[in-house]
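For the record, the sequence lines run as chains D and B.
Letter by letter, the first sequence follows residues -14 to 626 of this note's numbering.
Letter by letter, the second sequence follows residues 50 to 424 of this note's numbering.
Please keep in mind that the hints were generated in silico from the structure rather than gathered at the bench.
Mixed in with the good hints there might be a few duds.
[As the list claims (entries may be wrong)] Quick look at which bits of chain B chain D covers, simulated, 3 or more residues with Cβ under 8 Å: (1) 236 to 247; (2) 282 to 293; (3) 368 to 380.
[Unchecked claim] Here are some of the chain B residues that sit facing chain D, going by a computed Cβ distance under 7 Å: (4) 187; (5) 203; (6) 263; (7) 301; (8) 305; (9) 310; (10) 313; (11) 315; (12) 352; (13) 356.
[Said to hold, decoys possible] So these bits of chain D aren't anywhere near chain B, every CB distance computed over 12 Å: (14) 2; (15) 21; (16) 39; (17) 42; (18) 108; (19) 122; (20) 146; (21) 215; (22) 324; (23) 341; (24) 347; (25) 404; (26) 499.
Please read these numbers as outputs of a predicted model, since none were measured by experiment.
No residue lacks a Cβ here, since even glycine has one placed at the ideal position from N, Cα and C.
The lines below spell out each chain.
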Amino acid sequence: MLGSPQTFQNKATLISRRMFILSSLKIIVFVSIVSRLFYLQISENIKYKSLSDKNRLREWKLTPQRGIIEDFYGKKIAKNYQVFQLHMTPEDVPNIEELFFKLTKIIDFSERKRKKLIRKLKKRKPWETIIISDNLSWEEFSRLNLFLHEIQGIKPVVSLARKYLNNGSSSHIIGYVSETSVKDLQNNELLRKIKTPGLKTGKTGLEKFLNNKVIGRPGIQRFEVNAFGKRIKELKLIQGTPGQNFRTTLDQEVQETAHSALKDKSGSVCVMDVYTGDIVSLVSSPTYDANKFVHGISQKDWDLLLNNDKKPLINKPMAGLYPPGSTIKPIVALSALENDVISTKHMVECKGSISMYGQTYHCWKEKGHGFMNMRSAIKQSCDVYFYEISRRLGIDRLSITAKQFGLGKKSLGSFDEEQAGTVPNTKWKLKHIGKGWVLGETLISGIGQGYFQSTPLQLCLMMAQLANGGYEITPRIIDDKNKIQPVIDAWYEELNYQNDDFNLYNSGLKKLYRNPENIKFIHDALYGATNEPMGTSYRSRLTKPEYIYAGKTGTSQIRTISKEQRELKLKNKDLPYEQRDHALFIGFAPYKNPRYAISVIIEHGGAGSSGAAPIAKTVLKKVLDRHEIRKKYIPNFFQEI
Amino acid sequence: MITSNFSKNNLSLKEILFSLDYFLILLVLFLGIISIFAMYSTEQGKFGYYTQSHLYRFFVFFTLFIIISFIRIKILFRSAYFFYFLVLALLLAVDFFGITASGSKRWINLFFINLQPSELMKIAIIIFLARYYYKIPSDNVTNIKYIVTPIFALVVPVVLVASQPDLGTALLILISGLIVIWLTGFRMKYFLYSFSACILSLPVGISFLKPYQKLRILTFLNPERDPLGAGYQIIQSKIALGSGGIFGKGYLQGSQSYLDYLPEKHTDFIFTLFSEEFGFIGSLGLLLIYILIIYRITKIGSYAKNNFAKLYCFGFATAFFVYVVVNMLMVLGLLPIVGAPLPIMSYGGSSMLATMLGLGIVMSCKVYQNQNEVN
């Protein structure tokens, strides 16, 4: 029956019953919602919290400030200066092609640069900042700021960049920084850790050797970013640590003098303190502008450097290998005296050549020197006399002395580019060349030819160790007060108590000789070579008493002179450049109380007396002039100089 | 006699005021205030466009809710069909003059408001069926004669809405209708038959789905499938909820929503935002408010003396429950993202209008709960 109260009642009961079932179901669903909430918000809270932070936090590393490199007197050689840069965050750029097109109108933005950037962009994450240009001119920078509102995703930045203040005189020893390459990252764990956009890495010289210390540690800027990667606010800023500053032992003024003395020549100058081993000067010529590398050298400049015959990129004092020529004669003489194979009074008649082992060995002086004793043989650099010495001495004994004085091993050991050179002996030849030693090779080794290979730095160290009285020293380029003090103390003890009867004190310095008389003899002979008529460097002598120095010239042949050529009497200047002899000079100053040792090498510079000695003269004069100032920093071991 | 007084057709204003369910009104008001604060948070603490219009809408429609409470239930009963056909007409109009936004045509411009008739249909279908079944004894419900009309009344709007396309709302309308039909005494076995039929026809049905709808289902099954694409919403919602913890990140401190990681935070994901900022405790509180509202509506239904009011209240309570639960299960990653707003909390005028309308009718049922007859 439609509408009867009974039906309504039944129906209402049915509806209510069904509603009760529904309500029970609702409770189940609500309980499941609550348990799901519990699971997400309480059980899994930590997981989601970290995911949320990962979402919202992003860190940027701030490029640290590179440490400053100074010379011995605090003059800056490598510093930082303000540069204007243009950074881009790819994800903020709506249209990269369009941006690049706009940029060509505003700044110097070549097609090559564009292609390079696009290649780079492919390897990067879209939120990683990329540097479009790291050295904008002020005009470009201000123009950019003017158009900034029209271009999205780019940011003009004032940053710091490396600047080298030495007009090239120290380019090789200081080295240069350039953009961090993939290879740098592979080789250096620290770099991988601190990599920031625009981080420069030392590529050569001290910049490379000191890189990990001088580079500093990056700061961290933590930002909260929104879902689109836009920085909302800075949450944390950890300031980076600037790199450590370094003081070198170099004297920038001597560097400049040496640099100008070497102008237009290919060669090197190396000056060392004979007591402390401080490298006062280390110049390679020709040089290059290290500043060009900082922002990426242009292809044109790079090609010019690469194709230059004089090899401007090579750090010649450390990486250049030359036969030492006659500059090895003091060591040959010392070795012979120490081994008692010959007396200083032994006389040899030089007739310009000598025949031995079925071959003729020539003296540089065709007419011959006549009768020579050891002193005059060193003074006039008689080859025939030294053939005789080395014949008696033998190559193995010579090599021991040469190695003791620093030849055949890296002097600094801290530069990748440094070469060890070669001190030949019988074993060495068997091992490296695979043939037995030939006696004739002993003779030419005695005049520093043949297999002998040495760097200018090694020759300078050899000279320094002879000059300081035959003590072993460790060359250094980085000034470190803590490390040098024991050395100074040792020298002080050694020099002030050496004549004491009760010389029980052991200074810790290693003597490289047996008989001090032998060292004295070498000093005297070298004095003769520079300061007496007939001496090889007599024409380059300094006459003022305080400047008097002693030294040995060398002329190293880089070609075998055939009989025909010898008869042609070719002068060096008539030869093609690449075939001319290398000119060498090693010396120390002042003669009385020696303080500095020098080595000069002019590639293809002809005779040592005319090619190298005059340069040594100029540089030594400067070094001695500067000694008064240097004395204030490093104690003087003697009363007068 | 008080009883006879209440069973009168006309109640005095004083009587009406006495019989209003103030607890329900307070719950709704409280929820509304929470929603305004939540909206304020979605705008990063600015009294911006969304907060302003949500505030206005809430109070306008809240007033409507109160006004409807005063309307006699007989009038509501009589206008039930008219209301249903009006909404159906609007739905049809959407098909012709609708406004298209993000790929679907859901709105119609009524000059003073951009109305989404599908939201109103959620209420209209309940009131239509409540009226239709009012006269039919429960024994006859399963009779074929009385099945055709409700099925048509239900299927037509569902198809219309689904073709907008708006699968979420279509399903909600369908569920609301089926609940009322089932409440009237429709045999359980028929539901089971048709449910099996649905399952069987599922593969066919899926082929009719739009690509983005298929994607949603796939994404629901495995949100990590494409974390930056289709699964992004679910993953970010879970991160926001999970990172809220017990006490939440604090009001206006929800980093997920503040930094725009959370999608649709004004509408479908408002619960996520709330839960991120107020944590597990806050979510429980909000859930409790909804439970109480549903409980109140159910209670009103159970006290109603006429079956129209009973059916309507139970239907609406269950539908309201379904809206809340579908939205929550969706943002909790337990259901696919179908686009279902959270009543009152979510931004959206039509949804708010429909909810307040529905609540108003419930309140009218309360006021006239002693009336045995409504026709």
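Assertion that residue 146(D) lies farther than 12 Å from chain B (Cβ): Correct as stated: the minimum Cβ-Cβ distance to chain B is 35 Å, above 12 Å.
- prompt: Taking the minimum C-beta separation from residue 324(D) to chain B, is that value above 12 Å?
  reply: holds, 80 Å
- request: Would you check whether the claim that residue 2(D) is not at the interface survives, using Cβ distances to chain B and the 12 Å cut-off?
  value: violated, 9 Å
message: Would the non-interface assignment of residue 39(D) survive a Cβ cutoff of 12 Å against chain B?
response: Answer for residue 39(D): violated, closest chain B Cβ roughly 9 Å.
Restraint outcome when residue 187(B) is required to lie within 7 Å of chain D by C-beta distance: Hint holds; residue 187(B) Cβ to chain D Cβ min 5 Å, cut 7 Å.
query: Per the stated criterion, does the least C-beta distance between residue 42(D) and chain B lie above 12 Å, as a non-interface residue requires?
result: violated, 9 Å
field: Hint check: 7 Å Cβ-Cβ cutoff, residue 315(B) to chain D
entry: Result: violated, 15 Å to nearest chain D Cβ.
message: A cut-off of 12 Å on Cβ-Cβ distance, and residue 215(D) was said to be off the interface with chain B. Does that hold?
response: Nearest chain B Cβ is 9 Å from residue 215(D), so the label is violated.
- request: Quick one: see if chain D covers the segment 282 to 293 of chain B, three-plus residues with Cβ-Cβ under 8 Å.
  value: It holds: at least three residues are needed, and the segment 282 to 293 of chain B offers 8 whose Cβ sits within less than 8 Å of chain D.
task: Verify the interface restraint on residue 356(B): the C-beta must sit less than 7 Å from at least one C-beta of chain D.
output: Where the cut-off is 7 Å and the nearest Cβ of chain D is about 6 Å from residue 356(B), the hint holds.
task: Say whether it holds or is violated: residue 21(D) keeps its Cβ farther than 12 Å from all Cβ of chain B.
output: Violated: least Cβ distance 5 Å, not greater than 12 Å.
field: Closest CB of chain B to the CB of residue 122(D) still more than 12 Å away
entry: Holds: least Cβ distance 39 Å, greater than 12 Å.
In summary, the structure is inconsistent with hints 1, 5, 6, 7, 10, 11, 12, 14, 15, 16, 17 and 21 from the numbered list given earlier, while agreeing with the others.
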